[in-house]
Amino acid sequence: MIAEQKIEKTIINIAPQMNDGNHGLHYEENLLWEKERCDHSGVDLPKPDGTALRTGQSARGSIGLPQVSEPQVVRHFVRLSTWNYSIDHGFFPLGSCTMKHNPRLNEKMARLPGFAHVHPLQPESTVQGALRVMYELQNWLAELTRLPGVCLTPAAGAHGELAGMMTIRRAHEAKGQGHRKIVLVPDSAHGTNPATAVICGYTTKTIKTSETGRLTIDAFKEALGNGDDIAGMMVTNPNTCGLFESDIHEIARLLHEAGGYFYCDGANFNALVGKIRPGDFGVDVMHINLHKTFSTPHGGGGPGSGPICVTEELAPYMPVPVVVKNEDTFHLAYEDERPETLGRLRGFVGQFGMHVRALAYMMSHGADGLKQVSEDAVLNANYLLSQLKDVYHVPYKGTCMHECLLTDKIQKEKGVSTLDIAKALCEHGYHPMTTYFPLVLPGTMLIEPTETESKDAIDRFVIVMRSIAEDVAKGDTEKFHHYPVSTPRKRMNEVQAARHPKLRWKENS
Amino acid sequence: MRYLPQTKQSRKHMLAAVGVENIDALYKDIPADAFIKGLADLPLHQGELEVERTLSAYANQNHAAPQGSFFLGGGLYYHHIPATVDHIIQRSEFLTAYTPYQPEIAQGTLTAIFEFQTFIAQLTGQDVANASMYDGATATAEAALMALRINKTRHKICIGNALHPDYRAVLKSYMGNHEDTEVFDGLPDADTACVILQSPDFYGQPHGYESWRKICDETGALLVVVINEIISLGLLPAPESADIVCGEAQSIGIPMGFGGPHCGFFACRETYLRQMPGRLIGETVDEDGRRSFVLTLNTREQHIRREKATSNICTNQGLMALAFTIHMALLGEDGFKQLARLNHETACRLADALEKIPGVTLLNEHFFNEFTIKLSKNAKDVVKAMAERGIIAGYALDDNQLLLAATEMTTEKDIATLITALQEILL
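Residue numbers (our numbering), protein chains in the order written: chain V, 88 to 596; chain S, 109 to 535.
So that you can see chain S by itself, here it is in the shape it has in the complex (with noise of 0.2 Å):
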């Protein structure tokens, strides 16, 4: 077995110095019935050739989005990623390195993250923000929990918008662990401890801040921001009056993955410092006085605080966080920019394509790179005959609604693609 180094003869000696007879007398405190007789009933061992030729065949009974036209976003979206990125983060010093608890032996993750929430700060316009989180969904649901801590004699949660589905359906599951809690959608009222708010929302649409703020105000409640196209804030104005502002940073340098892994993050207002969920790095000085980065804050921690913890959360999405970082480095604060107007201007395009087409209506005010269309047939159906053709045409929603996303990786062909693909099924 290529990955276990010891020989016959090393574990002779081993257990000749260990004083035992066999391996089996090390287990000797586990019930018998507990061993597996023989061996699990499950495949032998493989050489690297095989495993690769079987999972190259699974990866390759999937349409993957550089086949071609792809319009699927929903939270989730399709960016080019530079090839330094990737080949920084496989590095063995970033790749196979621990939690940072030695920091005398862990600077370069200590430093990226630091660099890490320096970014998330200035691009939710907050003042702190946590090493990263699992994802947008979760979050979400943490933004929640710290509302509840901060508004202590407070037991409701409010969604403002159009939450995405998955971060709604996360947060009521997070929230049932607590009976006298209730999520609901309207207006905040005097027991709300936040409101949750969605921009662009989950059906693309920008949302401005200040009506909300002021409503938030009014009762009391803190204002939370959730952002799942992290390009966004490339063009839309940063959430800056909010208390907490966290979301998805996939867009940067991740992956879609099939869902994972990707990179949440949570920012807030230097107030509720303390009652951040998640790991946070902090600026110190070693006994040289040099600068150097430690964890710190610990003492809202599970494996300090245990039961009386933030959060239960151990990590964070350490490795995504430093491939957001270096595509930010990359990108740089003209090329940040300059995405988020690409990506709009693509959408547009794409918009002005759609809306020429008989038995479509975009329903959409505004937009950022994401938007709903009506159609005169079934949604479901027509991403199903799209999928025949190899056009991944986006997300189908209830009532003949139609979710696309265009990034910069749209082309004019891909576009062309679609609306050539869109009239034969509509006709």
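Chain V extracted, bound-state conformation (with noise of 0.2 Å):
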């Protein structure tokens, strides 16, 4: 009798989330230490010889982490799995961020064991193969973006934001010019961008975008205003909107006038890739996310790795190391060799096996397959832009570039907002587009269906969208406020979790 008590009391205390919820292909899962404690480790060690510690301190006590063995780890982690979206699924239409195929030869190639299994500390003579990998990264992104200074080390976009103006602050400050202390930024850049500025010491001006979702040379000129304290600016072109700001050439040259940098935020390079050089339109600076243009996997948030490439006039600033081929061989070189830098971002050299899978993916491309790349991808965006404009708020008229900008003015009339709509995207399989940035107007969806969609996706889609525009019409909205009901999990009490924060398991809590 006691037993049994003891029994069902460790089931309700141990897995309050088994009692129900498996249905189907369908498994709840509970936390790693809420298992039954298994009485040996998940991996088979050998056994140490309990010699005494030379560390000159005592060995740690409990630390209270859970134990279980391989085949409930994997079960684990796979059922845990089966309760995500990914590219992989289906049609990922998240605006600005390239959701595109992720080729497996990357994978495979990343895992060689002469680039896994490789330590940036070995004697260079050991590893000139890995520094080939990233020279030869470097002038495809130098031929690509027309600027022919390149540094991989930074880790992810934003990181790459900061290298590149820390890399313009560090040119003023050689210049004399280290008074200049303000950035200008659109109001539909991303929040990156001001974070960055700020975090390099500057302060920001926001240049307001027109009613035609562009920069117009008067709001600009109106934002430089002297241009003597003006460091720069960051503009993300293709912009936010979706669209290419058609000025951008003569506003670089003021801004240049001014004695500016131009930092162009690459997450948008998709749309100009192997057709259009940011060189050639005035860009000092430019960050690549790798792992959205060039392919390299999104892993649920990371790792990134966001390349900067900057002007001859920028080269000596940026961070080290870079790759440097001296005859033969390959060679990085610090500060010791590149004395004008503004110094390390990142641990050792950068995010490497991701520069090993863009180079793979690159080099499948080819520069005729960049190009299609490019134009695919615009070409998708119109298509789709062109199927839903009768039925969707286009806030700006015409053709768009790699992404397309509705807003719920139509449907929240009738009381559904962008969010019911994403929400209404879950329910019916599709991970929802970007929403409610950029932040220019309300209820703004931002859909970038990239180039590895078929036509077929993009028509697939393009029902599902016009189906809930069609309920919406009808005023069939109330379901819209309860979606998503099929997914493993409804809509989350988000004010919750902010206010009584829970960030980690903890026993009997």
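Just so you know, these hints were derived from the structure itself, not from any lab. From a predicted model like this one, the values you see are computed outputs, not experimental measurements. We treat Cβ as the ideally placed atom computed from N, Cα and C, and that holds for glycine. Treat each hint with caution, since some may be false.
With the Cβ distance kept under 7 Å, some of the chain S side facing chain V (calculated, not the full set) [claimed, not checked]:
hint	residue
1	Met109
2	Pro174
3	Gln215
4	His286
5	Val393
6	Ile421
Using the hints, build the complex out of the two chains.
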């Protein structure tokens, strides 16, 4: 009797989530700490000798880690994986995020022992192949951007922004222009742009986007003023409304005339790659998201990789190391060889595994394939726009680049918002588009199909988007406030998460 | 081109639907002189076989650690990775997912990262941990920035001991953006926002925290502890008394990969939660009251706060944090501690063997799995001579000093090979 009670209590305490929820191919899963404790590790290791410690400190006591066997670990993570949507599941039209197909060849190449199990502090003679990968990637990026200075160390897009803006700052200081402390940022910019400028010790001044969704020369001039205190400008081009800044050349000329540098956020490079070179429209510094344009996987939020490409003028100031070629050997150049550099921004050489993947992608496409990437990406977005523009509000008329912008203006009149549309897409087996961004208009929906979607895939998405619009138009709106209902979880109580932060598992909590 | 599904026919249909004559009509806003004439000056597309051939040839030009005696550490370590880890992180659902902005269809990533946060908090003895950082060096720089936010009126960052040179360099670059801040070595004063203490330090020496805690309390500086061999936390006491603990988690589940991608971590006391950089996953419930996980406390972050954000960081090292979490799950409490002890015992055997060689002096009083020796010859020359014999001997420091690491990967044969070669080279 006592034993039975104990078992019952244990089940309730250990696994409150396990009493219901499993149906069909859907499995509930508890946390590692809630599983029955195994009396041995899931890894068989040699037994330590028990020799006397030479750490100078007593051995650590209980940590409170869970303990489960290998099959349980595999099942745990495989079950968790089934609760994720991914690009391999289907269409993933997340604007400005370029969720394209991630070739598995890239994964295979990055896992070659000669790349995966080498250390960046090995003698250079033993890592020539790794340095060659970096050197060739630098050259591909320089040619594609027409910006000859390339530094691969930044670990992500936002880190590339930091590297780029610090390069600009360093250049101003070297020229005795250190008093320039203002960075111009359009109101349509990614949040990382103003955040980066501030981390660089700058203050930002906003340029207002016009009713055409673009920057105008007048608005730019107004923000520029006499330009004496302007360090530079951070502009995404194509911008986050999916449009190319048609006056960019003139804006860049005015900025340069005033002594500022043009930082281009490379988030939307997929629209241009292989076809248009940012160095040819006045860009001084640009970061490239290898995890967007060059297909390295997003991995549920990283690792990314954000190399920067800069003009010859700015190259001496960019971070170190960079790979140089001396006759037949490759070499990492650091501060001693690049005395004007701003220094280091990451440990070691950067996200090298992402460099291998990106190079494999570039080699697979070649100059011809990359140009086709840009053209198909732009065509797909325009086709999608053409199929939706009569049922959703299109704030900026005309064609778009590689992504198109809609708003919920029409649906909002019936009480259905962008959030509801996004959640309806989840219900219908799609990852939603980017929502409520850019911030220049209410209820924005930024849709980026990418070039790796077929016409058929886009048509199917269009059918769902149109059926949502039709239901709303008919007044069949109640269901939209409850979507999604077929997903592993329904809408979240995000307020509770923020008000009472619970950020880790704890016993009895 | 194998990655592009559109056909000539479909492109034609789509152009007609859009209502343009040709593809270039869609690029009409772009200045004519910005177009590449013809194709970029780069090779044409290649098949999978050709790409594989070329890149495999490049990979073969490198000396990979599995090829033989390998004793290099210095903030990045050669450890065994169970097959399960790499298999699971290559599942499409994890590999090709995005940042979990839509929690209803991203509970897999969110739950795993919640487990990651729990592991890091437990290992570091801290209250909370974030969803990971780019690497240990940037995590340390972010810790200094956070200390400056908390100790608002202070301007200095004190480096208390031998911090990894890359971490030090990155810290200086980040701080260089703020004219009124200063990074210095020594002891904190009343203007010091935090003391940064690495343990084991760059030379492999573990440090106790009590005396530093006392020094910090006397001056009001925060204590930031940096760990770049996370396995050491299975044997050395946890830095519970620190205010922030950050560093590198690469040793668990992540290959050296010529320097990345790795997995920075960041943990702190709950009091400072709202000043933390990076992503945080929190527990909540869905409409049906079922336990669920979401990105939370977003009001610290750049996409909401823009120029007022705690950091410009947009992502974490999601997949690397997952690799760490899977490996930790496999190890469990006993396995993790056993792994730590094995590392230490291997290093003890290596130290014993080296100390017997004439011309070699062990400089560490104590160590975990890495230590510094002094040689009778120039260390850079020794490393070079060793490399010619197929041995990656360690990291050459100035003054004839060599930093060597031993892990569970190091065999008796590896040690014997190193010892024989070193004896010959030092003769």
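Let's test the interface hint: is any C-beta of chain V closer than 7 Å to that of S/Pro174? Hint on S/Pro174: holds, closest Cβ of chain V at ~6 Å, below 7 Å.
Grab the minimum C-beta distance from S/His286 to chain V and call the hint holds if it beats 7 Å, violated otherwise. Holds, because the Cβ-Cβ distance from S/His286 to chain V comes to roughly 5 Å (cut-off 7 Å).
Min Cβ distance, S/Met109 to chain V: is it shorter than 7 Å? Holds. Min distance 4 Å.
Does S/Ile421 meet its interface restraint, that is, does its C-beta lie within less than 7 Å of any C-beta in chain V? Holds. Min distance 6 Å.
Does S/Gln215 hold up as a contact with chain V if the rule is Cβ-Cβ below 7 Å? Holds. Min distance 4 Å.
Supplied contact hint for S/Val393, tested at 7 Å Cβ to chain V: 5 Å, holds
Hint check: no violations occur; every hint is consistent with the structure.
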